[in-house]
Amino acid sequence: MTVQEFWDYLIPGIALGALYAVIAIGYTMVYGVLQLINFAHSEVFMVGGFAVLMVFTKIDFNDPSVGMSVLLVLLGFATAGFAGAGTAFALEKVAYRPLRKRNAPRLAFLISAIGASFLLSNLAGKLFGRNNHSLTIPFENKKVFTVMNAQVTVLQVLIVCSAVIMMIGLDLLVNRTKMGAGIRAVAQDAETAGLMGVDIDKVISRTFIVGGLLGGIAGFLFAMNSSVGYTMGFFPGITAFAAAVVGGIGNVRGAMLGGLLLGLVESFSSPLFGEEWRYVSAFVVLILVLMFRPTGILGERLGRTA
Amino acid sequence: MIKIALPVVASALVLSACGSDDKKDDSKGSSSAPGGGGGDKPTYTIGFQAGLSGENSALGLNEKKGAELAVEQANASGALPFTLKFTTSDDEASETKSVAAAQKLIDDKNVVVVVGPAFSGPTQAASPNYAKAKLATLSPSATRVSLTDPKNNFTAFLRGTPNDSAQGGGMAMYFSQKLHLKNVMIVNDKTPYGEGLAAVAKDGLTKAGVQVQSESAPQKTPDYTSLATKVKNSGADGLIYAGYYDDAAPFAKKLKEAGVTIPMISGDGTKDDKFVDNAKDAAENWLLTCPCMDASKEAKTAKFVTDYKAKYKEDPGAYSAESYDLANFAIEQMKTFSDPKSITREALLGKLKAATYTGLTKTFKFDQNGEYVGEDIFLYTVKGGKIEYTGNIKELSKS
Amino acid sequence: MSTITRPEADERDMVVMDLAKLRRVPWYRQPRWTRLFGMVLAAALLALATGPNASTDDIFFSVNESMTDGVRLPVCIALMVAFWAFFEFVPKAPVERAKATARANTVDMPAWQNTKKAFDKTPVKLGALAVVVVVLAVLPLFISTRWNQVLVGNVAVYVLLAIGLNVVVGWAGLLDLGFIAFFAIGAYSTAFWTGSLPTKPPVELNPFLAMPIAVVTCLIAGVLLGAPTLRLRGDYLAIVTLGFHEIVYLIANNANGFSGGSGGATNIPHPSVHLGFLDYEWELDPKPYWWLIMGMAAVVVFLFIRLEHSRVGRAWTAIREDEIAAAANGVNTVKYKLMAFAIGASTSGLAGGVYASKTGFISPESFKLMFSVLVLAYVIFGGMGSIWGVMVGTALLAWLPEYLKDWVDENDRITYLGALLVIMMIYRPQGLIPSRRRKRELTLAKEGIGDADAMTEPAGGRIA
Numbered sequence: 641m642t643v644q645e646f647w648d649y650l651i652p653g654i655a656l657g658a659l660y661a662v663i664a665i666g667y668t669m670v671y672g673v674l675q676l677i678n679f680a681h682s683e684v685f686m687v688g689g690f691a692v693l694m695v696f697t698k699i700d701f702n703d704p705s706v707g708m709s710v711l712l713v714l715l716g717f718a719t720a721g722f723a724g725a726g727t728a729f730a731l732e733k734v735a736y737r738p739l740r741k742r743n744a745p746r747l748a749f750l751i752s753a754i755g756a757s758f759l760l761s762n763l764a765g766k767l768f769g770r771n772n773h774s775l776t777i778p779f780e781n782k783k784v785f786t787v788m789n790a791q792v793t794v795l796q797v798l799i800v801c802s803a804v805i806m807m808i809g810l811d812l813l814v815n816r817t818k819m820g821a822g823i824r825a826v827a828q829d830a831e832t833a834g835l836m837g838v839d840i841d842k843v844i845s846r847t848f849i850v851g852g853l854l855g856g857i858a859g860f861l862f863a864m865n866s867s868v869g870y871t872m873g874f875f876p877g878i879t880a881f882a883a884a885v886v887g888g889i890g891n892v893r894g895a896m897l898g899g900l901l902l903g904l905v906e907s908f909s910s911p912l913f914g915e916e917w918r919y920v921s922a923f924v925v926l927i928l929v930l931m932f933r934p935t936g937i938l939g940e941r942l943g944r945t946a
Numbered sequence: 002m003i004k005i006a007l008p009v010v011a012s013a014l015v016l017s018a019c020g021s022d023d024k025k026d027d028s029k030g031s032s033s034a035p036g037g038g039g040g041d042k043p044t045y046t047i048g049f050q051a052g053l054s055g056e057n058s059a060l061g062l063n064e065k066k067g068a069e070l071a072v073e074q075a076n077a078s079g080a081l082p083f084t085l086k087f088t089t090s091d092d093e094a095s096e097t098k099s100v101a102a103a104q105k106l107i108d109d110k111n112v113v114v115v116v117g118p119a120f121s122g123p124t125q126a127a128s129p130n131y132a133k134a135k136l137a138t139l140s141p142s143a144t145r146v147s148l149t150d151p152k153n154n155f156t157a158f159l160r161g162t163p164n165d166s167a168q169g170g171g172m173a174m175y176f177s178q179k180l181h182l183k184n185v186m187i188v189n190d191k192t193p194y195g196e197g198l199a200a201v202a203k204d205g206l207t208k209a210g211v212q213v214q215s216e217s218a219p220q221k222t223p224d225y226t227s228l229a230t231k232v233k234n235s236g237a238d239g240l241i242y243a244g245y246y247d248d249a250a251p252f253a254k255k256l257k258e259a260g261v262t263i264p265m266i267s268g269d270g271t272k273d274d275k276f277v278d279n280a281k282d283a284a285e286n287w288l289l290t291c292p293c294m295d296a297s298k299e300a301k302t303a304k305f306v307t308d309y310k311a312k313y314k315e316d317p318g319a320y321s322a323e324s325y326d327l328a329n330f331a332i333e334q335m336k337t338f339s340d341p342k343s344i345t346r347e348a349l350l351g352k353l354k355a356a357t358y359t360g361l362t363k364t365f366k367f368d369q370n371g372e373y374v375g376e377d378i379f380l381y382t383v384k385g386g387k388i389e390y391t392g393n394i395k396e397l398s399k400s
Numbered sequence: 005m006s007t008i009t010r011p012e013a014d015e016r017d018m019v020v021m022d023l024a025k026l027r028r029v030p031w032y033r034q035p036r037w038t039r040l041f042g043m044v045l046a047a048a049l050l051a052l053a054t055g056p057n058a059s060t061d062d063i064f065f066s067v068n069e070s071m072t073d074g075v076r077l078p079v080c081i082a083l084m085v086a087f088w089a090f091f092e093f094v095p096k097a098p099v100e101r102a103k104a105t106a107r108a109n110t111v112d113m114p115a116w117q118n119t120k121k122a123f124d125k126t127p128v129k130l131g132a133l134a135v136v137v138v139v140l141a142v143l144p145l146f147i148s149t150r151w152n153q154v155l156v157g158n159v160a161v162y163v164l165l166a167i168g169l170n171v172v173v174g175w176a177g178l179l180d181l182g183f184i185a186f187f188a189i190g191a192y193s194t195a196f197w198t199g200s201l202p203t204k205p206p207v208e209l210n211p212f213l214a215m216p217i218a219v220v221t222c223l224i225a226g227v228l229l230g231a232p233t234l235r236l237r238g239d240y241l242a243i244v245t246l247g248f249h250e251i252v253y254l255i256a257n258n259a260n261g262f263s264g265g266s267g268g269a270t271n272i273p274h275p276s277v278h279l280g281f282l283d284y285e286w287e288l289d290p291k292p293y294w295w296l297i298m299g300m301a302a303v304v305v306f307l308f309i310r311l312e313h314s315r316v317g318r319a320w321t322a323i324r325e326d327e328i329a330a331a332a333n334g335v336n337t338v339k340y341k342l343m344a345f346a347i348g349a350s351t352s353g354l355a356g357g358v359y360a361s362k363t364g365f366i367s368p369e370s371f372k373l374m375f376s377v378l379v380l381a382y383v384i385f386g387g388m389g390s391i392w393g394v395m396v397g398t399a400l401l402a403w404l405p406e407y408l409k410d411w412v413d414e415n416d417r418i419t420y421l422g423a424l425l426v427i428m429m430i431y432r433p434q435g436l437i438p439s440r441r442r443k444r445e446l447t448l449a450k451e452g453i454g455d456a457d458a459m460t461e462p463a464g465g466r467i468a
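Protein chains in written order, with our numbering: chain A, 641 to 946; chain B, 2 to 400; chain C, 5 to 468.
No lab work stands behind these hints: they were computed from the structure. Fair warning: this is a prediction, and the values are worked out from it, not measured in the lab. The beta-carbon is built from N, C-alpha and C at its ideal position, and this holds for glycine as well. Do not take every clue at face value.
[Said to hold, decoys possible] Stretch-level coverage of chain B by chain A, calculated; a stretch enters the list once three of its residues show a Cβ under 8 Å from a Cβ in chain A: (1) 45-59; (2) 107-119; (3) 230-242; (4) 275-287.
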């Protein structure tokens, strides 16, 4: 691989990694408070994509001006975030809370989440058709600048910047706010937190909302980069979950690191081994990391999400 | 909350199950022998097998609508000496479910011919059973070359479309003889369709002395940027994408962003308006091959499009017209029986094997192995957001 | 256990909390009205789910039609609101309800438990078992060929798989999300040894001889995967096994030279026996396969039941309930975990062998990740740890989607299946027929005594 190629693949790798990181945060936060794999998070991601698709189709813009583009992107974020948060909130209410009230075993949550995931993705397939849809990008996706001759497009800048902003915001939210303290308390010891006056239900609900917000926005970003379809969540979801585990599940910074790592691994596997070995390389990295660090790179730090 | 929610959801399920089975009446009351329907007209069923649910159901649903429309129109025409019914069997585009799905149609004694299966995998799995039952299967889209290998003994399989080798060969011919390319990159989507097409194209190009680079990008690749970069860095002067439009569209977009301007060609899996809709201006100048003739201007096709749109509220999709043609082909052959009560699976299979039929998309004829006869491949170009007919690829390559 | 005289602590606390909340929250945040709001949303969802299918030309088509056709949405809302009203206003006040629960809990052993006691007597049990076996044996003669195909190709094969997965998940408590990888390895090794792959074996064998090799291959694969990863805890193991599945699937799909790529392996011979006195060939007819798989399953089930109550089975239980305590008591946890993995994997390999030689054709599409998830869902649905529950649950869940094909629009089938899984998990998280030990563990965990294993422990702590 030449130096030029290295830069050529590094940039899409970072963009993809940033996306995975944002999705991974959704998994990791839910894992932090509930210690369970939220299998339906990939559908939250999908709903984000479809929500923006609907809004953008309704508006039906054509060659928007710069100001309009900015507005549309912001509208996209708002729509996707709102839809994602709403879906995650509803999921928690329907597929998780009743089980929690009944003290169901954790595997029951897994199956309930899988069921909810089937339901949502197939409902989307029914409502919007089984083909992929393309989301019109509200700006011209041209080259903004080059790094070592490798071009960087507007979309890549947008993805990375928004991911970084969201991650910083989340970090502050978890570490500096009262709500974050609640989340950390529940993650560390739900029962004790409850005794100390933390409303566990509320905290869990909010965790889902925050995770869903990020998931929905990631769905929007992903949709601009690729396309919208009712199964679009499946593979990014699994990879993002792997990313959360690689970084150390329950650990927000770990999820960011893991996402970035897997994004880069996938991107570089294309020139090194061939595009078709993308996921194989990602999962081999996962297995290798876990063999040497059984709780992920940064370690599982439930409760101390930072 | 839950205490109420659950009974409600449960009963809602029951309710909706009742609400949506209105169309599933077709195969009931079919216990009588074929042709044993009441009244003076015998009743026969045209079966349809494809993946109608699950991940890869888009194609199957398109084909189902085409075939269903054909049956409906035939019945409505009033000229049939028999009454037709239409029944579907969903194989979920999966070979694990295919055998049982096929058996559903085989068990229904009223089914005299089957349109489908849509994909090569399910066809491969189900064909021995169809062969045993002597029930003809007219597949609109199973293109794997080996399906008509006599060693398989799939005696009831009739391929209603040219196999991969015809199209792949056409692409290779056009690139090597017309455009005189020296170094072609072939990308396949890791489906049996894409891989088969890519293999044939590679073969053809290598024989013509063209250097070939092969890549595979599985369906639903989350980011085509790295592949587009690879194409750009490869120094290739031509690109073949062997896959379906769902993935061709994002790939085309990324190619455009990467600034790749070499000639790009894809097959009938991509020749769909959805490709242009999704890829927008990135689809411009893409070449598309298809064994289907350009019939968009003919009155017959226009009528098909209008009828289809009236019934399903959408334009015909990939393979809808082929499936419509094949169903009509079967109906035509059923009409040739002098005694409408004497139609049997075996006799109809024999007739279909020997017959020729010109439909909206092409002329159907089979060789003794059930292979589609006719190698004509037509070239289309995306121009100004429309797929435009360019010509017969053989003739174009000559000049 | 059956004569607890007080209402459950949780429920009582909830009632108190509900009453306290009633005093201070504004009306629109009272549970009753938020429930109404939820019901209306559910009605909208219901209207969407029962509405017309999508059109590829207009993404709003389906949504618009189902929301604005003037009948569907109002009917759904009316229905949901009626349900809401019924459950809100007809039953007694919360306190009364709590009393009723308390009363219900003091009732002596219900009648069905007496029946159950009678059933527990061995002769009765054996008799029932014999009846079941006979019914199953003659079942194919009474159903159509189509259902025979379903019975063999979808139900029986998955029952065999689920029995294997039950050892790993249900008994040893190892969460395995990549079980179908071993199924694939079994199927591909059978294809290899019968000479159906592009790579030719040294000798081409009859499928019956290839199957034991496939089983051993899977066993080795199980140990190879297990050895480095078994020190991982619950969810980490889940993602690693999932990754392993993807790796196996993608190798099958990508290594064209070895596996035939996405085209797979064709013309795998059907099994046959040529032993002089016995000369039989399995062909296209599904019935003989049913008897073949039933025979295999019977042997496997017999062995596994023996295993469950042996030293090994007890070691698994110990590991599942508390790995550290088990290790402290001298159980070689690594050895027993590996054993569970290998046994599960080899059962899966057997299923793979039968499947490959029955269909005569395999390709990577038969071994998608979704199937791994599904087979885990089957096991939990049936009641993990209970071999009978797992068999019944798998049979039911594998059969149901096929059955629904005749009744439900194909676009909606999986939606309903998803809803079924959610509802089932809410109402019966322990599965259809839970094992007795499992039930006890769940009760203990529910009451806060011992938190059983990682998979039994309720998530998010107990509700305060």
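Going through the hints against the structure:
1. Residues of the region 45-59 of chain B with a Cβ under 8 Å from some Cβ of chain A number 4, which satisfies the need for three, so the listed coverage holds.
2. Chain A is given as covering the region 107-119 of chain B, and this is violated because 0 residues of the stretch bring a CB closer than 8 Å to a CB of that chain, at least three being needed.
3. Only residues whose C-beta sits within less than 8 Å of a C-beta in chain A count toward coverage, and the region 230-242 of chain B has 3 of them, enough to reach three; the restraint holds.
4. Taking a C-beta to C-beta cut-off of 8 Å, the region 275-287 of chain B contributes 5 residues in contact with chain A, enough for the three needed, and the coverage statement holds.
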